[in-house]
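Asks: Starting from the given sequences, assemble the full structure and let the hints guide the process.
There are 2 protein chains.
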Amino acid sequence: MDIKFDDSGLIPAIIQDYVTGEVLMLAYMNEESYKKTLETGLTHFYSRSRKELWNKGATSGNFQYVKEISLDCDSDSLLIKVKQLGAACHTGEFSCFFKNQLKNEEGLNYKILYDIDEIIKDR
Amino acid sequence: MDIKFDDSGLIPAIIQDYVTGEVLMLAYMNEESYKKTLETGLTHFYSRSRKELWNKGATSGNFQYVKEISLDCDSDSLLIKVKQLGAACHTGEFSCFFKNQLKNEEGLNYKILYDIDEIIKDR
Chain A
1 MDIKFDDSGL IPAIIQDYVT GEVLMLAYMN EESYKKTLET GLTHFYSRSR
51 KELWNKGATS GNFQYVKEIS LDCDSDSLLI KVKQLGAACH TGEFSCFFKN
101 QLKNEEGLNY KILYDIDEII KDR
Chain B
1 MDIKFDDSGL IPAIIQDYVT GEVLMLAYMN EESYKKTLET GLTHFYSRSR
51 KELWNKGATS GNFQYVKEIS LDCDSDSLLI KVKQLGAACH TGEFSCFFKN
101 QLKNEEGLNY KILYDIDEII KDR
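Residue numbers (my numbering), protein chains in the order written: chain A, 1 to 123; chain B, 1 to 123.
Source of the hints: derived by calculation from the structure; they are not laboratory data.
Incorrect hints may appear among the rest.
Copies of one chain are not kept apart here, so a pair can be met inside one copy or by any two copies together.
What the hints assert, rightly or not - Derived pair list, reagent style DSSO-like, types lysine-lysine, alpha-carbon separation capped at 27 Å:
1. 51 to 4
2. 35 to 4
3. 51 to 103
4. 99 to 121
5. 121 to 103
6. 83 to 35
7. 83 to 99
8. 99 to 4
Replies: Next up, the structure:
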């Protein structure tokens, strides 16, 4: 297998909505969870907090059906396109990436940059 | 700042094409590179191999203009939407995720699953 797991035996997996391209979450897989994902066609991760195999959707019903898996050039991160049932996030949001830090469609919003910069300096 | 850097002072950042939604790469930021990204509007990362600040595009010209930054529910991964100049990958591919492991639009391709499973068993 080409996959390079890190020193902890993990690889980050980006989960992306197969239809819209929306990025839903980032989670980690070990070899066991990757293999379970391939075997079942449903995403399985390794929960770093619970330190165990995490069958995504097993309690919530919000399963992710795997449509495509790609490995990056360095073989140390995965991109997995899925059909998401329900919501990806445990908060009920469809995507986990709902905490906007910067929105800049027409050019940099320097006011926000400035505020964030100040917050960083205050840490 | 809400961002949770890991024990190594890093946070994974998913880089996504602002227009198409294509995921281009996954790289890591420390506080310095995140701050530089905000200040300049161009992605800066921390190179884990070279152990230094990595100004993406500085040598290749393939800069990434930051359009949007979001943090996930756990505050331990970033999603950054960019306008990509040239290619994101050092191989010349537009996206780093060009090594397809599984393609399954109409249902699982069990032949591939089987092959991969065999390879895993052989490791």
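Asks: Evaluate residue 51 and residue 103 at a C-alpha cut-off of 27 Å and name the case that applies: within, between, both or neither.
Replies: So residue 51 and residue 103 fail the 27 Å test inside a copy (35 Å) and across (29 Å) alike.
Asks: Quick one: residue 99 to residue 121, C-alpha cut-off 27 Å, is that within a copy, between copies, both, or neither?
Replies: within (21 Å within a copy, 40 Å between copies)
Asks: Cα distance capped at 27 Å. Does residue 83 pair with residue 35 within a copy, between copies, both, or neither?
Replies: within (19 Å within a copy, 35 Å between copies)
Asks: Using 27 Å as the alpha carbon limit, work out where residue 83 and residue 99 are close: within a copy, between copies, both or neither.
Replies: both (23 Å within a copy, 20 Å between copies)
Asks: Pop the pair residue 99 and residue 4 into one bin, within, between, both or neither, using alpha-carbon distances up to 27 Å.
Replies: Intra 30 Å, inter 13 Å, cutoff 27 Å: inter-copy only.
Asks: At most 27 Å between alpha carbons: which applies to residue 35 and residue 4, within, between, both or neither?
Replies: within (14 Å within a copy, 29 Å between copies)
Asks: Taking 27 Å as the upper bound on the Cα-Cα distance, should residue 121 and residue 103 be classified as within, between, both, or neither?
Replies: Classified as within: same-chain Cα gap 21 Å, cross-chain 46 Å, threshold 27 Å.
Asks: For the identical chains here, do residue 51 and residue 4 meet the 27 Å Cα criterion within one copy, between copies, both, or neither?
Replies: both (20 Å within a copy, 19 Å between copies)
The structure does not agree with numbered hint 3 stated previously, though it agrees with all others.
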